[in-house]
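Colleague: For the protein sequence lines, the chains are F and R, in the order given. Position 193, counted from 1, in the first sequence is what the working numbering calls 193; the numbers after and before it change by one each time, with no gaps. Position 571, counted from 1, in the second sequence is what the working numbering calls 571; the numbers after and before it change by one each time, with no gaps.
Be a bit skeptical, because a hint or two may be false.
Reference excerpt, derived from the structure (chain R facing chain F, CB under 7 Å, subset only) [said to hold, decoys possible]:
| # | residue |
| --- | --- |
| 1 | 134 |
| 2 | 707 |
| 3 | 812 |
| 4 | 889 |
Here are the simulated DSS-like pairs of lysine-lysine, each with C-alpha atoms no more than 27 Å apart in a straight line [claimed, not checked]:
| # | chain 1 | residue 1 | chain 2 | residue 2 |
| --- | --- | --- | --- | --- |
| 5 | R | 537 | F | 223 |
| 6 | F | 251 | R | 878 |
| 7 | F | 223 | R | 50 |
| 8 | R | 502 | R | 537 |
| 9 | F | 136 | R | 537 |
| 10 | F | 259 | R | 830 |
Honestly, the hints are just simulated from the structure, not real lab data. From the three backbone atoms N, C-alpha and C, an ideal C-beta is built for every residue, glycine too.
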Amino acid sequence: MSSRVIIYCLIVFIATANCVDPYDFKPGETGAYLVVDGRITQSDEINRVKLVMSTTYATNTNSRPVENAQIKVVNSNGEFELFIEEGDGIYMHCGNTLQVKIGETYHLEIEIGDKKYQSIPQTLPEPVNADSITFKVGYGSEINEYGNTISYENIDVFINTPINVDGENSYLRWKTEESWSFTEIKCHPLANPKTCFMARDLSSEDIYIFSSNDISGTYLSNKLVAKKRILNNVEFIEKHYFIVNQYTLQKEAYAYWNKVIQIANPSGDIFDLPPAPLSGNVFNVNDRNEIVLGFFEVAGNSTTRIPLYQPDIQPINITAKDYLCRWGDYVDVCCNCLLLELSTTERPDYW
Amino acid sequence: MMIMILFVIRLSSFAQGIDTLTISGNYQNANIEDILLDIEHIYHIPFYYKKKWLPQITISRSFTRSEFPIVLKQLLEGSNLSFAIYNNQSIIIAPESLITREFSQEYFIKKDLQQDFINQDNWPANIEIINLGKADQTSSDGEFVINGVVNDALEKDLVVGATIFVKDLDLAVSSDSNGKFILKLPGGLHLVEINMLGFEPKRIGVNLMGACSWNVDLLPEATELDEVLVSGTADDSNIKSNIIGMTKLSPVNIKEMPVFLGEPDLIKSILTLPGVSSIGEGAGGFNVRGGNIDQNLIMQDDALIFNSSHAMGFFSVFNPDVIKDVTLYKGHLPAQYGGRVSSVLDVQLKGNNYHDTNVNGGIGLLASRIAVETPIVKDKTSLLLGGRVAYSDWMLNFASNPNVKNSALGFYDLNGKISQRFGENSTIALSFYNSHDKFTYSDEFGFSWDMNNLSLRWDQVIKPEIISGLSLTYSDISNTSFQPSGIDGFVLGNGMNNYKIKEDLLITQWSHHTINAGFELNAYLPDDETLKPYNEKSTTIPYTGIKDRGLESALYINDGIELSSRLSMSLGLRYAYYSQYGPSNVNIYENNIPISPDNIIATVPYSDGEKVVSYQGWDPRASLAYTINASSSIKVSYNRIHQYIHLISNSTAALPIDYWQVSNTFFQPLRSDNYSLGYFKNYQLNKWETSVEAYYRDMENVVEYKDFPELFLNDHLETELLAGMGKAYGVEVFIKKKTGKFNGWLSYAYARSFVQLNDESRNEVINQGEWFPSKFDQPHNLSIVGNYNFDKSNQFSLNFTYATGRPLTGPDANYGLDGVIIPNFSDRNKFRLPDYYRLDVSYTIKRGLLRTVKYKDNFTFSVYNLLARRNAYSIYFKRDKSNNFGAYKLSILGTFLPSVTYNFMF
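Using the sequences and the accompanying hints, generate a full structural model.
Modeller: Put into structure tokens, the structure is as follows:
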């Protein structure tokens, strides 16, 4: 056997030796659990709580919303405000009677039928205000199901922020959004082109958290908070924003999200820790053994934005609008931008 | 016993002593028998002899008042016969080697000896008879001690595990790791058989006259020994031994197993035994009867081995070329062993070859090894050196994935030993071990660990009935993990150091008793746990965590008692006293609530060397064996064992960066009660060996983990751990064919292992406080090992392993939280991984088989995991690219792995 053949065989063995395969896991029939998903902050962001029932593992069906629940946020003085049901299990806090203030302690009380639930009280921390956002344009790569390496255009979003403010450990979590605009062209002489605005969460399935427990220094630079894979470069024809919400958490909330990362985003290697049931901070007042999932978060919020224009994302090429509207896939959209997914004509305040 | 006279001629009495008698006579062309008959008739002297001994010659002699002894000398001149005067009344004529000048009365003390004396015809023909001891020695009970050594007559090496069987007494012993054995026998004649695999059996008559030493030389077989996968012990040691659950392995057994990438491996070999299992590829250590890997006491030349694996479990730390003897105890533990509740793996190295230089080695695709044994001063000083190195990096360079290309995985280890003889009765040996392992994944993370052992041992025969073994050992392990990149780049380190002194006395002063007594002192001194910035760009805050120190001392006595020819027992008692010492800060928590850093109400500091807490425990050990007949026996045993050190690890398999924690205020010693019952039966003159063993184990203070524990850099580790109860039980079946062209064994175990974590006082429970399967619970384990020898040079081997899938914690629901889909996990270990099975094969071509050929080599072609089974190491749950949640099976080996290894020895 020639040395070339031997080496080829060895390469094949290395490539196939370590394997990850889909596995048909069947846990059997299980009951559904109440899920509490909510957050209040001191910012202008609308505070919402979502109540749903969990789904059976891997069914990927929509979870059943819990309706007609009574939810109120209560402060340390016993003052409270009821949430208003919007539908689909979503309940909104208007802030008319109870303002959310920094340094105040809040908990949630929920009544569903004759069951009562409550969250563990949390104090709203002073938000750490991020300094700035930066981004980096480049190319990422991944291996597809055929084993081929494919590359794609990518933008990484970074935050720069003080930490360990006033000597206090910082526990931070980031949620990033993007928004962009698209303005119609004058498709006919009487047309009045309008501008549409689109917005969506970015990297919503990923969790970005940080603890300054073991870190010295007072500044955190270039912390990755989102990755945007460019699938449709029409989003960058006009102005594009990255908006980063930096939530300052209590230590317990950070610990919860840290555990979520372990069980929701395992690395899939031999170093993974064994998963475990994750209980949140909401419990049945009359039955502590009932499993209640989710977390009600009391966090300080600061928002930072950065606009992007075409020149900012070189070397990624953006299709010229003229070409797009005349011969590309967006001929109809150029005449009616509301055809774009998530579009609205309502201009964001910051635009 | 020697069988003597067949007929007696008794004549009329005589008046004077034989030694002063004078003879007169003239014999012409007379044969010796006729002359003796004539003398008998005339002088009334009874002669005792075997007719066939007398030479068939004629003699012409004249005697005139010649002294009787001179007459006999002249008659027997030229023959191999001699004579002895017995009780001044009769004459015994026999070959010179049989005759002593005077026969001791002790010859005839026991009836059975007299009976055997008469039944000499049952002895093999032409058997050699040797005299041992001095005839002028006496003994109060008529018994004398033989201190023997079994040697390889050609290699001048000691032979370990040879059986010395005294046939007339139905008594057997084995040569120990120094080739030595002790027999206490009545004075007189005995038929002794010495057997050892790979050597020609030896039968010899022993005429024991007094306490003595005895060097037995065995000749190797003319060609390489038959490829048999049997233990290195005697044919029926499984029947006769009073220790249940003990297995001995010889290097020959280990080298013939189909192994990973052609590398002989000790741990892979013991995994084929019933009751011994592992998590699978990628996992270090091994599990015995459902116990954790830290419950095995692993020693090499008496020094502790903290991590028995290299390269994530693919190789063991033991170089097969330097191993002399391996003993695994998994049922009964004699009292001289303690500190771990599941098993003892005792590995002894070579290093007492005082005559010739031997070189062994192997060259493989990913690893190579070499070992050299040589005398420095002949018959006095011996040196052993061995080394191995693994070099996978060159293969990683061919990977297309840049991260894999820039990764590294490898290890090396070194063994050395120097032995010095001081006369016949004293030997001092110094051995060392050093190893280094490293793994890096691109520039993202990596880890490394180092182990060092040093062992100084002094063996001394104080007197024939008392042998002393004093050992001083040092062992350490140090681990490092690192993450180079980012502002939080770090280096995390920990380690453990052990100092041990042990004195063991082997006492055979009293017949039917073999006593081991002694003491042992173990000091556990951990390295501080440290966290440091990886480089100047890192802002990681340095941290130093002081770990607990412990001192474990033990006194023990163990007596192996031969109650009768059928009934034997081993009774032992071990007393251990353990203390934890400062420096330490002990937290005090609020009562009746789960302990956490938030409910510390006080912290008590302890200074360096100050005692923090102590524990003591009595460990009774008992094992009883009843030999039903020559081919079957029943054994039963009970052990209590305390364990004072635990491995802290919460990954699927133990990682190199896991660390050792001694018992302290919160982690009380693990206590285990072990019960075993077994029936052992051999067939066709020990050609087939079978056994059925049942066991039950009860444990207290089993260390388990809360959900999501933070085990590293934690000043209050007690808030992350739980102490629970454990139980394990099972039945093990073992069938072995030891000889023939086709041979091998089958082992099956039904084994369960459960844990209960229910600390009601602190409201700390897992799985509602109910019993649940431990992570090593695998109800069915099957191992089939087979060899087919086409001829002396060609051997085919296979190894098939099957095990029930290990327990798994899996999700039973999904839910969304702030855009993230999260699985909700069920009770711990509620589900199971897919079953594990694997088939390995190998083909070996040997050369240089003749005993006279010095250079021997072989090629081994092997395929690991021939069926290319993708056995699950773990199953994890995460989102795919479409954000749908799914389960994925991680397999360490996804294909078959062929290899070629060239092994040599000269």
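Colleague: Against the structure shown, which of the earlier numbered hints fail to hold, in ascending order?
Modeller: 1, 7, 8
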